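Enquirer: Take a look at the letters that make up each chain.
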Amino acid sequence: MAIAADAGSGASGRSWWKQNQQWLTPWLFLAPGLVMFVVYVIIPIFQSFWLSFFDWDGLRAPDGSSTARWIGMGNYVELMDDDAFWTSLHNNVLWLVLYLLAVPMGLFIAIFLNQTVRGIRVYKSLFFFPFVISQVVVGLIFSWFYAPGFGLLYAIIERITGTGVAILADERFVTYGIIAAGLWPQTAYCMILYLTGLNNVSPDQVEAARLDGAKGWRMLWYVILPQLRPATFIAVVVTVIGALRSFDLVSIMTDGGPYGSSRVLSFYMYEQALSEYGYRMGYGAAIAVVLFLIMMVFISGFIWKMIRDEKEGY
Amino acid sequence: MFHATRRVALALSVAALAVSAVQAQDKRVLKYNADYDPIPLAAMEALIADFEAANPDIDVQLNNFDHEGYKTAIRNFLSADPPDLANWYAGNRMAPFVKAGQFLDVTDVWDANGLNDSLASAAASMTIDGKKWGVPYTYYQWGIYYNKDAYKAAGVDLPPPEGVDWATFVANCEKFKAAGIDCLTTGTKALWPGAGIFDYMSLRTNGYEWHMDLTAGKVPWTDQKVKDVFSELAKIQPYVTANHAALDWQDAAALLVQGKAANYVMGNFAVGVFKEGGMTNDNLGFQPFPAITPGIPRAEDAPTDTIHIPSGAKNVEDAKKFLAYVASADAQTKLNAAIGQLPTNKNSTVPQDDPFLVAGFNMLSSAYALAQFFDRDAPAEMAKAGMEGIQEFLVKPENLDKILERLEKTRQKVYAE
Chain A
1 MAIAADAGSG ASGRSWWKQN QQWLTPWLFL APGLVMFVVY VIIPIFQSFW
51 LSFFDWDGLR APDGSSTARW IGMGNYVELM DDDAFWTSLH NNVLWLVLYL
101 LAVPMGLFIA IFLNQTVRGI RVYKSLFFFP FVISQVVVGL IFSWFYAPGF
151 GLLYAIIERI TGTGVAILAD ERFVTYGIIA AGLWPQTAYC MILYLTGLNN
201 VSPDQVEAAR LDGAKGWRML WYVILPQLRP ATFIAVVVTV IGALRSFDLV
251 SIMTDGGPYG SSRVLSFYMY EQALSEYGYR MGYGAAIAVV LFLIMMVFIS
301 GFIWKMIRDE KEGY
Chain B
315 MFHATRRVAL ALSVAALAVS AVQAQDKRVL KYNADYDPIP LAAMEALIAD
365 FEAANPDIDV QLNNFDHEGY KTAIRNFLSA DPPDLANWYA GNRMAPFVKA
415 GQFLDVTDVW DANGLNDSLA SAAASMTIDG KKWGVPYTYY QWGIYYNKDA
465 YKAAGVDLPP PEGVDWATFV ANCEKFKAAG IDCLTTGTKA LWPGAGIFDY
515 MSLRTNGYEW HMDLTAGKVP WTDQKVKDVF SELAKIQPYV TANHAALDWQ
565 DAAALLVQGK AANYVMGNFA VGVFKEGGMT NDNLGFQPFP AITPGIPRAE
615 DAPTDTIHIP SGAKNVEDAK KFLAYVASAD AQTKLNAAIG QLPTNKNSTV
665 PQDDPFLVAG FNMLSSAYAL AQFFDRDAPA EMAKAGMEGI QEFLVKPENL
715 DKILERLEKT RQKVYAE
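From first to last, the protein sequence lines stand for chains A and B. Taking this note's numbering, I'd label the letters of the first sequence as residues 1 to 314. Taking this note's numbering, I'd label the letters of the second sequence as residues 315 to 731.
These are computed hints drawn from the structure, not numbers from a lab. Don't take each hint at face value.
From chain A, some residues computed to sit far from chain B (all C-beta separations above 10 angstroms) [to be verified]:
#	residue
1	SER15
2	TRP17
3	LEU34
4	ARG60
5	VAL137
6	ILE156
7	THR161
8	ALA166
9	SER202
10	TYR259
11	LEU274
12	TYR277
13	TYR279
14	MET295
Derived list of chain B stretches under chain A, where covered just means 3 residues or more per stretch with a C-beta under 8 angstroms from a C-beta of chain A [unchecked claim]:
#	segment
15	378-389
16	698-711
None of the values given here were measured: they were computed from a predicted structure. We treat Cβ as the ideally placed atom computed from N, Cα and C, and that holds for glycine.
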């Protein structure tokens, strides 16, 4: 009897695995990635939310207990009354809008380069080059380009108008100057996306359209662009996300200055939480939460569209 | 057989462990976390070697961090893995650590070694709640470095060693402008160089006590006396290098070296950069910042670097011995000669062949009081907002009222907590 029961449970154990293998296996393979994702992404998101209700300078008492103080919505109330926050938000909107110029510019260059000329691969790689080099290098190159005294742009403006304009020291131009630097690699990125997209444009349809008398803008708008929809989608997604997380260029080129007028939310968060004059962990977390919520609007939009497209079978 | 060999081996290794443990116990370990750049690191290693020679039973283990990374690391290691000694800064910079109970009170070290007298000039900045929280080992002076060639090119008389008065300084600026030379240069991209100018304007216009009250949040930024400071600053604002907000301090140093600028309010560490650019003791000059309001006792900026004992330290007794050694006149003489800065111990000496160190030492040891620098005297958040305000004023003086209102708002928030 006992033996039978043992055998029975053993058999059912094997068969349980056999029965459930189908749906279990993918999860087993996903598990390492999921664990990492939960530990390093999901949990920190909630920790940030939690931290944003505290006033904490990042220090612990000698016994290891945290010196954080619960202040509820205090950080958010302060944010609403913080000029620097509104400046950062305003700059983020500027980034978002102007950064999207990378998409049409990338398309234009891609169409321009999508021809069979001798050595076209070299030209393509030259245009792609800015995306390959680090953002830090891009920032430095553009700082020198703008630099008062020896910068090329400064010298040109000085030659034409008589007085040079130090773009990065002028609160009116500084954000535009940084965005222009950011557009350089981002355009290259969009270009490469469109170049791969253009490879997949069906020659039959182009031929058919040509027979029907379409050319120029009409050809681009009604025949080519619809076929580039997947490329456009990805280009917009990476550009929007790139604009919202713009940090390196601001940090390299101006450090948020002059007097904080080129800050963006991600940089302001870093400044408040982690920089030399910061260590306001709760306040930094509150800024991070705001930035996260803004990003969530776009990310959920993108995900929603992706799911819908998948259902429709694009 | 196999088992027997293994057991012997095990016994041997246990014995070896025991022996090494005994050897380690012979020397008491002193863990020291610091953030030295290469030259100060070598100087401190020499000091440690001297200390170990004098105390053969102590083994100082220096754990050097990257300078910027240290500022973050100290917040973790003080509670996670406290060393016996740690570098930090005087003034308000150490206040958060003192208030969180992370630093040990070392008043007894000061009392037992007569430091209240020998380190008198730095005592105030090491004191919080009437207790001393560490020991200073070096500081450096701030003042006006000038290019003698630029003075000659503009036809301006060289200032005497004690400096010119404010009216002369402003009048000279007009002459420099006529000669196409920036009277005063600075690079405020990193904000703090502008704060040096403000510190001196404030110290010279309203005095040390008032300046300390301002950085301690006791004076509203909309106060008339703050406006007095800015109205003095407005006199030289037109003569400050244009576009300074886009320049790093080294960029502005290049302007001084090239003779495109005449004066630079800077710390003594800049001398190395000036000399790398080709200046020598013959054409680089130093003068104290001019007096503005007559009769105010002369106070100077002298940022002080310090060593503290974390409250989690395991070897407090030897750590105090080390602090006493670092504070001693001989140790400070040797250390500071190597790093080209000033000893905080008034019985120390400075190398007589360096005119800038000699001038600084004389200036600081005869000063009425020493400020730490704006971003160390004021709490971090106020410092940041203040330095941005100063930068904005130097670019757009017409925004003054707006700037002061903003700073006052920050003040009410920062000091209320």
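Enquirer: Confirm or reject each hint.
Expert: Okay, the hints, checked on the actual structure:
At roughly 46 angstroms, the least C-beta separation between SER15/A and chain B is larger than 10 angstroms, which holds for a residue marked as non-interface. The Cβ of TRP17/A lies farther than 10 angstroms from every Cβ of chain B, with a closest approach of about 41 angstroms, so its non-interface assignment holds. Here LEU34/A stays apart from chain B, with its beta-carbon at least about 29 angstroms from theirs, past the 10 angstroms limit. With a cut of 10 angstroms on Cβ distances, ARG60/A falls inside the contact zone with chain B, its closest approach being about 4 angstroms.
For VAL137/A, the requirement that its beta carbon stay farther than 10 angstroms from each beta carbon of chain B is met, with the minimum near 17 angstroms. Against chain B, the non-interface label of ILE156/A holds: every CB pair exceeds 10 angstroms, the least being about 16 angstroms. Every C-beta of chain B lies more than 10 angstroms from that of THR161/A, the closest at about 15 angstroms, which supports listing it as non-interface. At roughly 4 angstroms, the least C-beta separation between ALA166/A and chain B is not larger than 10 angstroms, which violates its mark as non-interface.
The Cβ of SER202/A sits about 51 angstroms from the closest Cβ of chain B, beyond the 10 angstroms cut-off, so the non-interface label holds. Interface exclusion of TYR259/A from chain B breaks down, the closest Cβ pair being 4 angstroms apart, not more than 10 angstroms. With a cut of 10 angstroms on Cβ distances, LEU274/A falls inside the contact zone with chain B, its closest approach being about 7 angstroms. For TYR277/A, the non-interface assignment is contradicted: its Cβ lies about 4 angstroms from the closest Cβ of chain B, within the 10 angstroms cut-off.
Its beta-carbon lying about 7 angstroms from the closest one in chain B, TYR279/A breaks the requirement of being farther than 10 angstroms from that chain. Separation of MET295/A from chain B is adequate, the least Cβ-Cβ distance of about 25 angstroms exceeding the 10 angstroms criterion. Interface restraint, the segment 378-389 of chain B with chain A: holds (3 residues with C-beta to C-beta distance below 8 angstroms; minimum three). Note: the segment 698-711 of chain B has 6 residues with beta-carbon separation from chain A under 8 angstroms; the three-residue rule is met and the coverage holds.
Checked against the numbered hints above, the structure violates hints 4, 8, 10, 11, 12 and 13; every other hint is satisfied.
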